[in-house]
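With the hints as extra help, turn the sequences into a complete structure.
Going from the sequence shown to our numbering is simple: count from 1 and add 378.
Because the hints were derived from the structure by calculation, they are not lab data. Where is the CB? At the ideal position from N, CA and C, for every residue including glycine. Check each hint, because a few of them may be wrong.
Claimed, not checked - Label-pair distances were calculated between CB atoms; the ranges are: (1) Val-523 x Ser-666: 29 to 35 Å; (2) Gly-587 x Pro-504: 51 to 57 Å; (3) Gly-647 x Ala-487: 21 to 27 Å; (4) Arg-527 x Gly-647: 36 to 42 Å; (5) Leu-393 x Gly-587: 46 to 52 Å; (6) Asp-584 x Arg-500: 45 to 51 Å; (7) Asp-591 x Asp-449: 24 to 30 Å.
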Amino acid sequence: MAAEPGPTIDTRESLAGIPSVIMENQVLRAVLLPSLGGKLISLVDKRTDSDLLWRNSRIPLQEPEFGSDYDDQFVGGWDEIFPNDIPEVLAGNALPDHGELWSVPWAYAAGAGTGAVSTELRIVGPVTGVEAVKTLTLGTDARLVVGYRLHNPTPRPLPFLWKAHVALALDPDTMIDLPSGPILIEDFGSPRARPIGNTFDWPGFDRDGVRHDFRRLPDSPSGPVSEFLLATSPADGACGVRHPSRGTGLRLSWDLDALPSCWLFASYGGWRGLEVLVLEPCTGYPVSVVEGVDQQTHKVLDPGATLTWTITAELDGRAWVAEWDNGTAGRR
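Set out below in structure tokens:
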């Protein structure tokens, strides 16, 4: 019997004229665009021919200008946000919208080993001088392992956040998975409902006789919805989506010691008329790094310090437990 083909890596192709790196095995296909902030632009479940990442059809793929507005350049895919979200002054330097990494080209090297292929991407932050490395590894199974390294070679401590910014496509029957724990609804957009005190325990809450289940897309009679949720102390380092009609899904998992919070931005037609979910495992909260450092919920990268962590992206076709049972409903 012939051996199953191993994973492959191809640097000869381009997408919209932009050089790409394609990592592929029997079940998974990942497409990287190193010159677009090291963006992962596509992650396809080959078994169902489903791209799990979302693409904004209104914005063409092009290399953005450093310091430009992130929302106006938001083409989708998986970005890296560091060291800030909103524009802020950190360590005496003004940082642009959504940080310094998403709008600059990353250097990269692609390689193949025994049973796996990998791409290492590197960048030195043009404002902070911090060295960032991202390494994507694909073996023979349905998992893409993304390893990260941050190193501060400068003499200045840097308050920061880092988050993956993973834009996901939605179907009408999409289910959203977060761990149990407290959820803060940020003062943004038009959420489907607000609990008393703006906090609730996942997966939802009852208010005015209505049960609001945030695992499901809203059925809002009041119009389009956009909501920004922060899981401030999740019980587990994991989040994901499931698309029952397509028979596929995606699960992200990580070490809570490295990424102790997870953000969730969702537009159900309420933000620029778009339908998109963004899952954002993060080093802290809230949106402002300055505020988070003051309340000790954001970190500081000291001079000479190095941080490493990993996020695993895995195809997930498990069934859902439909019942709401004290916040424990989810995958099985």
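Outcome of the hint check:
Our hint of 29 to 35 Å for Val-523 and Ser-666 holds, since their Cβ atoms are close to 31 Å apart. Taking 51 to 57 Å as the suggested C-beta distance range, the pair Gly-587 and Pro-504 conforms, at roughly 53 Å. Distance hint check for Gly-647 and Ala-487: the Cβ-Cβ separation is about 41 Å, which falls outside the suggested range of 21 to 27 Å. Against the hinted window of 36 to 42 Å, the Cβ-Cβ separation of Arg-527 and Gly-647 comes to about 38 Å, which satisfies the hint.
Under the hint 46 to 52 Å, the C-beta atoms of Leu-393 and Gly-587, about 49 Å apart, fit the expected range. In this structure, Asp-584 and Arg-500 meet the distance hint of 45 to 51 Å, their C-beta atoms being roughly 49 Å apart. About 28 Å separates the C-beta atoms of Asp-591 and Asp-449, a value consistent with the hinted range of 24 to 30 Å.
Of the numbered hints stated above, the single one contradicted by the structure is hint 3.
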